[in-house]
Structure formats: structure tokens, C-alpha cells
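Undergrad: As they're listed, the protein sequences go chains B and L.
Each step along the first sequence adds one to the number in the working numbering, with nothing skipped, and position 203 is 203.
Here the working numbering runs 1000 ahead of the position in the second sequence, where the first position is 1.
The set of hints was computed from the structure by calculation and includes no laboratory data.
Remember, it's a predicted structure, so these values are computed and weren't measured experimentally.
Wrong hints could be hidden among the right ones.
Cβ-Cβ distance ranges computed for the label pairs, FRET-style [said to hold, decoys possible]:
no., chain 1, residue 1, chain 2, residue 2, range
1, L, E1010, B, N196, 28 to 38 Å
2, B, I2, L, G1067, 30 to 40 Å
3, L, G1067, B, L267, 51 to 61 Å
4, L, E1269, B, I271, 53 to 63 Å
Think of the CB as a built atom: it goes at the ideal place given N, C-alpha and C, for glycine as much as any other residue.
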Amino acid sequence: MIKIISIELYKIFRKWRTYIGFITIGVLVPLIHLSFGLTTEDGGVGMIPRSIREGFVFTGNLANGYFISYIILHSLYIHIPFLIVLIGGDLLAGEATAGTYRMLITRPISRFQIITSKFLAGIIATVLMLVWLAITSLLLGVILFGPGVLIIAQDKVLILAENDVLWRFIAAYGFASISMTVVVSLAFLFSSLVENAIGPIVSTMAIIIVFMILSVIELDIFAAIKPYLFTNYLTGWLLFFDDPIDVQAVIKDVLILTGHILGFYFLSLYIFIKKDILS
Amino acid sequence: MSDEKIIEIEALSKQFKDVKAVNNLNINVYKGDVFGFLGPNGAGKSTTIRMMLSLIKPTSGNIKIFGHSLKENRKDILRRTGAIVEKPDFYLTLTAYKNIEMLGRLSGADTSKKKIMEILELVGLEKRYKSKVKTFSHGMKQRLGIAQALFHDPDLIVLDEPTTGLDPQGMKEIRDLIIHLSKDRGKTIFLSSHILPEVEIVATRMVIINKGSTVVEGTVNELLNSGNLKVTVEVNNPDRALEVINTSRWKEKLNNCSNSDFFFTLRQEEIADLNKYLVTNDVSVSAVIPTRSLEEYFLALTEGKQ
């Protein structure tokens, strides 16, 4: 199985499409760092909402690496799924389009091995993209701006000590990996249904957009369906930047997302095992 | 011919919604056969090959390869089988070398550089081993397809239109390769082709299918020599020949004549009798040419003329 996964990873990273996400992050995040570097002469105080800013006295460098990384994660998190579906949508449909299913399935490997290897390779590529995001935002942020306390100011001000932040980022990225695996799993499922990668990519994007819109609309008629929208749970990483952390909520979100991942995987497996390869 | 069956297809059928692509097909392929698999477009050849390679699932029937059920022993069977199915498609952004290495690894083959270069040399692609497949012509992809089918040294080789896109020299090389693999290395070859003379040259046994069913199966010689043949008889004294033919039972067998050529429709065993009759009646026979080819036979069967 490891041999097949390594081959699948090789195929993924030999495609130009795979690098769109990495390049986007690699360009955008340093630009955000640069803009922070040029615009935070006040130490980042200006970024705190006025209602809170006027009630406190802030000293020191608030716009440190942790703070900027948090802002980047908060801002980009909504867009990362669109970069990930480019990988997931191509995993199976790409083989059908290229006609290489025939080469693959006539090897002495089972369809279970093929689908599982591709699925795991897709997850690894997704995690690598998040690691890349972590490197460019967190690591580069700390190198450029140094570590420090993390001030999170939304409806309340939460100040996290410098030595209490890094593990939260690691946990948040871990949670993000699960969230983004749901996205890649959904794209993978659609990819198993068709013979062209464009369909799964567009379909997954459409579903994410529609679900996200439904998640934020505060109308009673949508309230009943909200618990069933997986997009509702994608932002669970924010829970790690609360104090105390609502562990029950984290566990619930992780279980729901994992359930979606397994559901999408087993559905893809069933479809693929039953599928006649006519391409 | 060995009596060990390599492929046994029994009552195989495949239904696609309203279309029955393969209908109660029976085929036996023996060890060492170069087995020609013939049929017009839409006859069910590709569907059958896809079922033999587990790309699609039969609606009913059984496929045994190497004496084992394909359904229950798929991996072991595919480990000993190499195939080209229709056009050869590869990972276009990878090099020829990498494609062979990757597919070879999946087949459990020795993927050392020496082995890969040997197989690329066999199909004449050793100088292009670093080139990405997207830069290859169709003929080069076809050669690479043959390389990947042979790379893991399979006992059974399934070739679906292996010479499509090749130039005449390339076609001859592939034919020679097929004969070499069969005669010298004991491989069993299942060859589907629409180039009928190609099958006629290399195949030892063959089946003709139409509308998903077997029309006829046997050795190429048996099939070519069964039924009526068109025979051209060349003589040096046509007037004398015409005279003796018109006064004999051979008159009914004569279709027409042109200069020194006489065109007959005969059964195989009648050819020698006609020759003997002409010679004993002072006709100088310079040539007897059975003109019937597999192609005519194929067309006759599939168009229902037989």
C-alpha cells in the first residue's frame, strides 16, 4: 500500500494544477506579512476594534508573529478549500480523462487498494498544503516579527501568554487538517462519479459556497438544517483560541467531520468497486 | 498445440442497459497459442477484453485464466498477464522511463534501470527514455504500450490492436515480436486486431465474433480451408484449357476467364483434382493460386454470406 501511495503522491506532485494552491499561499501570505510590516507602526493597536481599544491601554508590539499568523489563518481559512478541491477533484476523474484507469486497474492491485491509496495521497497533499500555510504564516511571521502575546479581540478581549500560544496553533492546524480532509473527501467522491475533473471541482466549490451561505444566514427556516451542514464545523479550529477551551465542542466537531470523511470515502469506494471502466 | 487451457470463457454475457454487447460467448485459448480475436466494429471484442482484465464486470458467465476464476483470483491472474487495451494512454507529463518504472512497480516487476532500458530497447524507444510521453507520436505510444505489457514478463499477453498507428516497418517488428514471444518464449498471446492479414500471418488459432457471439472458432488453417475458395489457375495454353474445361464438370465451377487466367470457385480438396485433370489433358498449368484470404472469410461470416 505504501508503494501505491508513494506513486499516487508522485503523480499528484507532477501536475501543475497541484501547485496552484501552494503558489497562491506562497505569494499571498508573504504579501500580507509585508503589508503588516509597513502599516503597523502603532504596534498593531490599530487593528483592535475601537470599542475595545478605547477602554484599555495597550503597550508593546501586539502585531507579533503569532498575531499576524492568527489573522492570516482567520482570513484565508475560508479560501483554502477552493485550492484543495483542485487536488481532490482530479484524483479519480483525472485518470478517467487521461484514459490511464485501464493501465492502473489491469495491474495486480485491488480496487480497494487503488481508491484507498488515492484517498490517502489526497489527504497527505492537503495536509502538506496546510503545513505550507503554517510555514509561510506562522514560521515566517515569527521570524519576521518575533513571538509575543496573542491578543484576540472580537466580542471580548482574550490575551494569551506567549508560552501558551504555539500549542494552540499546532492544535488548530491539526483540526484544520480534519476540516480540509472533509473538503478533499467530498471532491474525491464527486471525482469517482465522472470522467472529467472540472465537474467535481466546480460541484464541490458550489456545495461549499451554498452551505457557507446557509450557515451564516440568520433565518429560522435555515436554523433546522444548520446542524447538518458540514461547513458549520469547518471553523472549529477557532475553539483552540478560547480560554478555557470547550473540549466537548471540539470533540463533537471532530467526530462530525470524521463521520463525513468516512462517509464520503466509503461511498467513493462503493461507487469505484461497482464501476465499469469504459474510458 | 498444448492442451493446457490458459483462457476459458464460458457463456459470457454483458448487458449495457438496452444493448447486449456480449451474448453467451465461449472461447478457449491454449498455452502457446497466438489467438486471433476477430470481429467487426461493435462485435463485442473490447467489451470481452475488458471483462477478461476485470475492467468491467460480466452480467453472467465465467472467465477462467490459468485455470483459476478471474473473480476469485484477480490479483494472481493479473500478475501473470500483460495487456494493451485499445489505445495506449499514459501519464503524459511523465517520461517514458518513469511510466514504465511506475507501472512496473505496480506489477511487482524488477524496476532496475537495466531492465527498463532493455524493454525500451526492445520496442525502439531507448533513445527517447527521458522524453515526456506527451511529446510522443501515436506510434511511439503504441510501442510504449507494448513495452509496459511485456515489462513484468507475463505468461499471457493480451494485445488489443497492437499495431494501430505504426508504420509498415513497425507493424512487421511487432508481428515478429509476437511470433518470437510465442515460439521462443512460450507466451500465450490473445490478439485482437482489425488488420486481418496480420492475424492471418501470426495467429495459430482464432475466433470470429459478431453481435457478441462466437461465429466460428478454430485453427487459421482449418478456417481458411473450410468452405469454398476462390482459385486462380494460370495456364500457358488458354485455348486448349478452355476447350477441356468446357467439356467437363469443371465448367460449372468456372466463374470467368481472362487471357491466361481462369477463375474457379472450389472446395479445398477439388484443387488437386482440377490440376490433375488439366495436366492429363495437355494443359500446361503454370500456377494455382487460392485467392481466398481470411479477410474474405471474415467478411463472408460477419455479413452472413457464408
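Undergrad: Which of the numbered hints are not met once you compare them with the structure shown?
TA: Violated: hint 3 alone.
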